[in-house]
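Peer 1: Protein chains in written order, with numbering that gives the first Met the number 0: chain A, 0 to 177; chain B, 0 to 188.
Treat the hints as calculated values from the structure; they're not laboratory data.
Even for Gly, the Cβ is constructed at its ideal location relative to N, Cα and C.
Do not take every clue at face value.
[Claimed, not checked] Residues of chain B clear of chain A, computed beta-carbon distances all greater than 12 angstroms:
id : residue
1  : Asp2
2  : Ala9
3  : His43
4  : His52
5  : Glu103
6  : Pro111
7  : Ile146
8  : Leu147
9  : Ser148
10 : Glu149
11 : Ser161
[Claimed, not checked] Calculated pairs, EDC-like style, for lysine to aspartate or glutamate (alpha carbon to alpha carbon, straight line, at most 20 angstroms):
id : chain 1 : residue 1 : chain 2 : residue 2
12 : A       : Lys166    : A       : Glu147
13 : A       : Lys76     : A       : Asp29
14 : B       : Lys137    : B       : Asp2
15 : B       : Lys90     : B       : Asp62
16 : B       : Lys158    : B       : Asp135
17 : B       : Lys4      : B       : Glu140
18 : B       : Lys128    : B       : Glu149
19 : B       : Lys4      : B       : Glu103
20 : A       : Lys49     : B       : Glu86
21 : A       : Lys76     : B       : Glu179
22 : A       : Lys102    : A       : Glu136
23 : A       : Lys177    : A       : Glu113
24 : B       : Lys128    : B       : Glu164
25 : A       : Lys166    : B       : Glu179
26 : A       : Lys76     : B       : Asp18
27 : B       : Lys63     : A       : Asp29
28 : B       : Lys90     : A       : Asp29
29 : A       : Lys49     : A       : Asp29
30 : A       : Lys76     : B       : Glu149
31 : B       : Lys5      : B       : Glu164
32 : A       : Lys102    : B       : Glu179
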Amino acid sequence: MSMSADAAARTVEGLSGQSIVQQIKVSRIDFVISVPDITTSEGLLRPLAKLSQPRLIRVCKEDEGVAICAGLSYTGKRGLLLIQQTGLLDSINAVRGVAVEYKLPICMMVGLLEKEVGVRPRESQRYGVRIVEPILEAMGIAYHEIEEQADVAKIGPAIEGCFENSKPVVILIGQRPK
Amino acid sequence: MIDRKKALAAIARQVGDGDIVLPVYSTAFDWIDIRPNPLNYLSHGAMGLASSHALGLALGRPDKRVIVLDGDGSLLMNLGTLVTTAEAAPKNLFHFVCENGTYEANGGHPIPGRGVVSFAGMARSAGCKSVHEFSDLKIFEQQVGAILSEQGPVFVCLKIVSSGEQERDYSRLHGPHVREAFRQALGSA
Numbered sequence: 000m001s002m003s004a005d006a007a008a009r010t011v012e013g014l015s016g017q018s019i020v021q022q023i024k025v026s027r028i029d030f031v032i033s034v035p036d037i038t039t040s041e042g043l044l045r046p047l048a049k050l051s052q053p054r055l056i057r058v059c060k061e062d063e064g065v066a067i068c069a070g071l072s073y074t075g076k077r078g079l080l081l082i083q084q085t086g087l088l089d090s091i092n093a094v095r096g097v098a099v100e101y102k103l104p105i106c107m108m109v110g111l112l113e114k115e116v117g118v119r120p121r122e123s124q125r126y127g128v129r130i131v132e133p134i135l136e137a138m139g140i141a142y143h144e145i146e147e148q149a150d151v152a153k154i155g156p157a158i159e160g161c162f163e164n165s166k167p168v169v170i171l172i173g174q175r176p177k
Numbered sequence: 000m001i002d003r004k005k006a007l008a009a010i011a012r013q014v015g016d017g018d019i020v021l022p023v024y025s026t027a028f029d030w031i032d033i034r035p036n037p038l039n040y041l042s043h044g045a046m047g048l049a050s051s052h053a054l055g056l057a058l059g060r061p062d063k064r065v066i067v068l069d070g071d072g073s074l075l076m077n078l079g080t081l082v083t084t085a086e087a088a089p090k091n092l093f094h095f096v097c098e099n100g101t102y103e104a105n106g107g108h109p110i111p112g113r114g115v116v117s118f119a120g121m122a123r124s125a126g127c128k129s130v131h132e133f134s135d136l137k138i139f140e141q142q143v144g145a146i147l148s149e150q151g152p153v154f155v156c157l158k159i160v161s162s163g164e165q166e167r168d169y170s171r172l173h174g175p176h177v178r179e180a181f182r183q184a185l186g187s188a
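Here chain B stands alone, though its shape is the one from the complex:
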């Protein structure tokens, strides 16, 4: 298992200033401290839809790399996104899923199918041609740069454990100032 903050730090080292990143729930609170940037798209609202927001961004800005840092519980709420994204086939979309087997932001209850469901397997079955799975940090660190150079859509499942307690100020994700900063940054990027 990989410590989530260490996994995110490895991704952040490969992310450029112009990349759009959509981190979800607990991952978001870790990510915005690791990579504070107005091109973090944080207000994806309704349950499990970050990857669908990402598809819209990827289709609308094919010149930009769009990286989703999803959760396993979130993906379970929107599994159809795997099929939709595979069919739409945006070359610039990278879908990471942090699998810790729990609804961490809602009390840490286990997800259905914990330890049984294969997210990588589902992505493959949905038609995604580039699928990866990691449970070892060192191997992930060695390969993440190459993965982010692949032609999308790419799906990556990271077997992670939480990095511990977080201060969750949701206004940092959903405040109107966050969306306006993103809009301004994307407009000039």
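Excised from the complex, chain A in its bound form:
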């Protein structure tokens, strides 16, 4: 990279966790399946854990969550997998087989650990952040960047499209929601 991430950063508005929770609720998500992620821990997972609907299912490993969402999809229930990009990377084979090859609506909300605020993921100084979008593109998986408050409106349509079209989607959370 010729430009440092600091230089590339733009000033962005913070994210409201409650507004993301609201998008999840209006999208008729029945279950949130999660391994804690530091980006979304306080602003998203903690408020979601206080709700009875959607029900939170805590899993030991993210690929379990991919399969749980798959099973739910056949029953007409909607699952949302809330994880960190390290867990997404660890689950690539499950995503490949279950989500992509079986064409199932696996909806993933992924916190980007250590991504710099205001920096596009693919321009991050962090290797583990920079590779996420190219990997998703190689796998043919749709993704959406949620970096500032104006982006939150993209979440509902992204979830709806996932279930309407029975295709996986990844919603990338670029900074810690408050």
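Given the coordinates of chain A, assemble chain B onto it according to the supplied hints.
Peer 2: Just chain B now, kept in the frame of chain A:
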């Protein structure tokens, strides 16, 4: 040790038309001949995840009995499922593991911990309240009906031996027609 086909036949005698069954790898090829039914969920894809698919099905359809016929090698790839399932506590989930100590579908190599690992012990330690283990067919045949009437989650380890050579046509497990048949059957069940 129990002949796998005989163990599966004993389970099949207790399984109703409306039950969902997820058989894994070698067990799947035996099972689909013993109990051909569109509510067999066969496309569980990635390694060791059948019991996690089953948890999703059990949570989404609490009115249905969901029965996993797992393998020991498969379970070793996804041991966290025991903890997750115990915590989620679906009353309708029954997790059988056929323990033969090998990765039978991948050349018959021994699993790590063969003969030492206690799958029933791990299930108990994970928080599963109802755990059973069988190495005798007659005793299993006597008890399997009652086990499938228990409140889940239930874990059962079956010490088995393979029933012999199989013709493994994986399109019978992973073909898109299999998933569509399941979807249609569950939608109307």
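Peer 1: If a hint holds in the structure, say so; if it does not, say that too.
Peer 2: Hint by hint, here is what the structure shows:
no., hint, in the structure
1, Asp2, "holds (29 angstroms)"
2, Ala9, "holds (25 angstroms)"
3, His43, "violated (7 angstroms)"
4, His52, "violated (4 angstroms)"
5, Glu103, "holds (20 angstroms)"
6, Pro111, "holds (18 angstroms)"
7, Ile146, "holds (22 angstroms)"
8, Leu147, "holds (20 angstroms)"
9, Ser148, "holds (23 angstroms)"
10, Glu149, "holds (21 angstroms)"
11, Ser161, "holds (25 angstroms)"
12, A:Lys166 to A:Glu147, "violated (25 angstroms)"
13, A:Lys76 to A:Asp29, "holds (6 angstroms)"
14, B:Lys137 to B:Asp2, "holds (11 angstroms)"
15, B:Lys90 to B:Asp62, "holds (10 angstroms)"
16, B:Lys158 to B:Asp135, "holds (8 angstroms)"
17, B:Lys4 to B:Glu140, "holds (13 angstroms)"
18, B:Lys128 to B:Glu149, "holds (11 angstroms)"
19, B:Lys4 to B:Glu103, "holds (15 angstroms)"
20, A:Lys49 to B:Glu86, "holds (17 angstroms)"
21, A:Lys76 to B:Glu179, "holds (17 angstroms)"
22, A:Lys102 to A:Glu136, "holds (16 angstroms)"
23, A:Lys177 to A:Glu113, "holds (16 angstroms)"
24, B:Lys128 to B:Glu164, "violated (36 angstroms)"
25, A:Lys166 to B:Glu179, "holds (15 angstroms)"
26, A:Lys76 to B:Asp18, "holds (18 angstroms)"
27, B:Lys63 to A:Asp29, "holds (18 angstroms)"
28, B:Lys90 to A:Asp29, "holds (18 angstroms)"
29, A:Lys49 to A:Asp29, "holds (14 angstroms)"
30, A:Lys76 to B:Glu149, "violated (25 angstroms)"
31, B:Lys5 to B:Glu164, "holds (15 angstroms)"
32, A:Lys102 to B:Glu179, "holds (11 angstroms)"
Of the hints listed earlier, those the structure fails to meet are numbers 3, 4, 12, 24, 30, in rising order.
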